[in-house]
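Participant: Sequence:
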Amino acid sequence: MSFTAVLAQTYTTPNTGVDWTLADIAAASAQTISVSGDEYTLLENLVISENDKLRIDTDATVLFEQDILITVFGEFDVTATDTQFLALDASVPYEGFRFEEFSVINIQNATIKNGGGLRVLTEDFTINNSIISENVEGGATTSAVISLSRGEPQITNNQITFNELPAIGSAANSEVSATISGNNIEGNNSSDSNRPQINMGTTSATVPLQIIDNTIIGDPAYMQVGGISISNFVGGSINAIISGNLIKDNRYGITILGGNATVEISQNVIEDNNIQDNPGIGGSGININSTTNDLEITVFLNEIRRNLWGITLQDQSSINLGDDMGNIGGNTFSENGNNDVLYALFNNTPNTISALHNCWIEDGDVTLEDAELVIFHEVDDTSLGEVLFDPVSCDVAGVNESLLQSISLYPNPATQAINITSEKTIDTISIINANGAVVLEKEITATNAQIDFNLPSGLYFVVLKSNDAEAVKKLIVQ
Numbered sequence: 000m001s002f003t004a005v006l007a008q009t010y011t012t013p014n015t016g017v018d019w020t021l022a023d024i025a026a027a028s029a030q031t032i033s034v035s036g037d038e039y040t041l042l043e044n045l046v047i048s049e050n051d052k053l054r055i056d057t058d059a060t061v062l063f064e065q066d067i068l069i070t071v072f073g074e075f076d077v078t079a080t081d082t083q084f085l086a087l088d089a090s091v092p093y094e095g096f097r098f099e100e101f102s103v104i105n106i107q108n109a110t111i112k113n114g115g116g117l118r119v120l121t122e123d124f125t126i127n128n129s130i131i132s133e134n135v136e137g138g139a140t141t142s143a144v145i146s147l148s149r150g151e152p153q154i155t156n157n158q159i160t161f162n163e164l165p166a167i168g169s170a171a172n173s174e175v176s177a178t179i180s181g182n183n184i185e186g187n188n189s190s191d192s193n194r195p196q197i198n199m200g201t202t203s204a205t206v207p208l209q210i211i212d213n214t215i216i217g218d219p220a221y222m223q224v225g226g227i228s229i230s231n232f233v234g235g236s237i238n239a240i241i242s243g244n245l246i247k248d249n250r251y252g253i254t255i256l257g258g259n260a261t262v263e264i265s266q267n268v269i270e271d272n273n274i275q276d277n278p279g280i281g282g283s284g285i286n287i288n289s290t291t292n293d294l295e296i297t298v299f300l301n302e303i304r305r306n307l308w309g310i311t312l313q314d315q316s317s318i319n320l321g322d323d324m325g326n327i328g329g330n331t332f333s334e335n336g337n338n339d340v341l342y343a344l345f346n347n348t349p350n351t352i353s354a355l356h357n358c359w360i361e362d363g364d365v366t367l368e369d370a371e372l373v374i375f376h377e378v379d380d381t382s383l384g385e386v387l388f389d390p391v392s393c394d395v396a397g398v399n400e401s402l403l404q405s406i407s408l409y410p411n412p413a414t415q416a417i418n419i420t421s422e423k424t425i426d427t428i429s430i431i432n433a434n435g436a437v438v439l440e441k442e443i444t445a446t447n448a449q450i451d452f453n454l455p456s457g458l459y460f461v462v463l464k465s466n467d468a469e470a471v472k473k474l475i476v477q
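Quick note: the sequence shown uses numbering that gives the first Met the number 0, first residue 0, plus one each step.
Calculated from the structure, these hints are not laboratory results.
There may be inaccurate statements among the hints.
Simulated pairs of lysine-lysine, DSBU-like, Cα-Cα distance not exceeding 30 Å [unchecked claim]:
1) K464 - K441
2) K473 - K441
3) K423 - K441
4) K52 - K112
5) K423 - K464
6) K473 - K423
7) K441 - K472
8) K423 - K472
Computed beta-carbon distance windows for the label pairs [unchecked claim]:
9) T290 - T205: 40 to 50 Å
10) T125 - Y409: 23 to 33 Å
11) V340 - S456: 24 to 34 Å
We put the CB at the ideal spot given by N, CA and C, even for glycine.
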């Protein structure tokens with residue numbers, strides 16, 4: 000859908016430090032907002048000046064006339080239990096939201112529908128527990144319904160569904176290290192362009208982009224839409240953690256494009272990313288593609304099933320799927336393949352790849368000979384690098400759900416210690432860092448224990464083992 004030229008007038012707040020509600024703006028300018036109970040109709044463009052604040056702390060429905068845009072230079076603070084931003088006529092979209100650099104944006108418990116998206120130029124942006132759905136392209140944003148530009152924005156616990164553009168994106172050279180956590184992301188990019196639902200460019204070199212604990216589900220009707228892409232085509236860097244996500248029914252699962260990348264990919268379930276059904280141009284659970292061999296891609300404890308390819312490596316790229324120097328491996332592969340051939344790992348590079356301690360064929364006693372059948376490397380083509388996969392292991396596959404549910408781990412986040420309680424006896428505990436290395440291991444043989452540690456801040460995994468089961472929990476150290 001395209002927008003017509005904006006013909007509406009614009010009201011700008013006085014820039015005198017006012018802290019206004021919608022009712023205050025209506026009182027100051029009746030031609031800008033009309034009011035009926037808790038329903039506010041925005042009749043012309045609204046600009047919140049640099050020194051001013053718009054506060055919505057009581058439930059409200061904000062209806063937008065066609066092509067109307069809210070621009071914020073100051074503060075935009077939405078904290079009510081239920082705020083709805085809707086088109087007055089759902090068939091005639093509004094322009095959306097533009098949050099300028101240095102503005103302060105906090106959006107809680109909102110519904111944003113039938114508009115042109117959120118153009119986020121500021122570093123100080125939070126959207127939480129909100130619904131962003133059925134928004135269209137051609138408005139405030141052109142690349143994603145939430146289009147990011149800089150800083151460390153927080154996008155948490157939202158429903159981002161069925162938008163014409165990808166759900167979340169950033170420019171190729173924007174250095175965005177967002178936290179994208181706990182969101183349900185489904186059926187976005189209904190324009191079916193060749194873009195994934197999360198489409199990120201370069202990041203901060205020191206603060207990681209975090210894509211954690213999301214559900215990212217595709218729509219088979221949109222065959223060009225992938226799951227997650229992070230790319231570096233401009234000489235910057237990638238620093239990212241992709242962990243705990245369910246990525247399903249997309250054209251591909253995860254792709255990392257370009258060099259100078261440090262990425263942890265851990266504990267994701269990556270399944271059925273095969274909707275285009277063309278192995279020549281997609282369908283990998285994980286794809287790494289770089290013209291330079293300067294990558295630190297650490298991959299552990301993932302479940303990768305029924306994609307056209309499990310993991311593919313291209314050009315000069317490299318990956319660490321498990322070693323004897325810290326990365327525990329523990330990735331599980333099942334039924335990844337095309338044209339009646341299974342491909343758990345396709346090393347289409349000249350580089351030697353470490354891939355120890357993985358379960359290459361789920362639900363069986365896997366031998367080295369079995370693993371060789373699903374790994375394509377030097378043995379199959381002498382121009383390619385060798386994959387080192389001995390030993391194989393399925394011991395960490397299949398985390399025990401009953402054990403997981405019986406365990407309480409607190410506080411989390413933690414600083415110097417955690418307490419663990421369980422209905423079942425825990426024999427050993429291991430703490431694993433973002434590189435897959437075991438940084439603490441302890442025998443406890445108890446149902447209650449305090450674990451003291453001195454660890455740098457960051458994301459860790461706590462692996463708890465009983466005599467017949469295993470569970471993994473995330474831990475944030477501050």
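Participant: All the hints need checking, so say for each whether the structure fits it.
Facilitator: Against the structure, the hints come out as follows:
1. Our distance criterion of 30 Å between C-alpha atoms is met by K464 and K441, whose separation comes to about 11 Å.
2. The suggested pairing of K473 with K441 holds, with an alpha-carbon distance near 17 Å, which does not exceed 30 Å.
3. The straight-line distance between the Cα atoms of K423 and K441 is roughly 17 Å, inside the 30 Å bound, and the hint therefore holds.
4. Annotation: proposed proximity of K52 to K112 holds, straight-line Cα distance about 23 Å (limit 30 Å).
5. Among the hinted pairs, K423 with K464 is consistent with the structure: their alpha-carbon atoms are about 10 Å apart, no more than 30 Å.
6. At roughly 19 Å between alpha-carbon atoms, K473 and K423 fall within 30 Å of each other, so this suggested pair holds.
7. Proposed proximity of K441 and K472 is supported: the alpha carbons are some 16 Å apart, at most 30 Å.
8. A C-alpha spacing of about 16 Å is found between K423 and K472, which places the hinted pair at or below 30 Å, so the restraint holds.
9. Between T290 and T205 the Cβ separation comes to about 24 Å, which falls outside the hinted range of 40 to 50 Å.
10. Hint check: T125 to Y409, Cβ distance near 25 Å, so the stated range 23 to 33 Å holds.
11. Checked against the hint of 24 to 34 Å, the C-beta distance between V340 and S456 comes to roughly 44 Å, which is inconsistent with it.
When the structure is compared with the earlier hints, violations turn up for hints 9, 11 and for no others.
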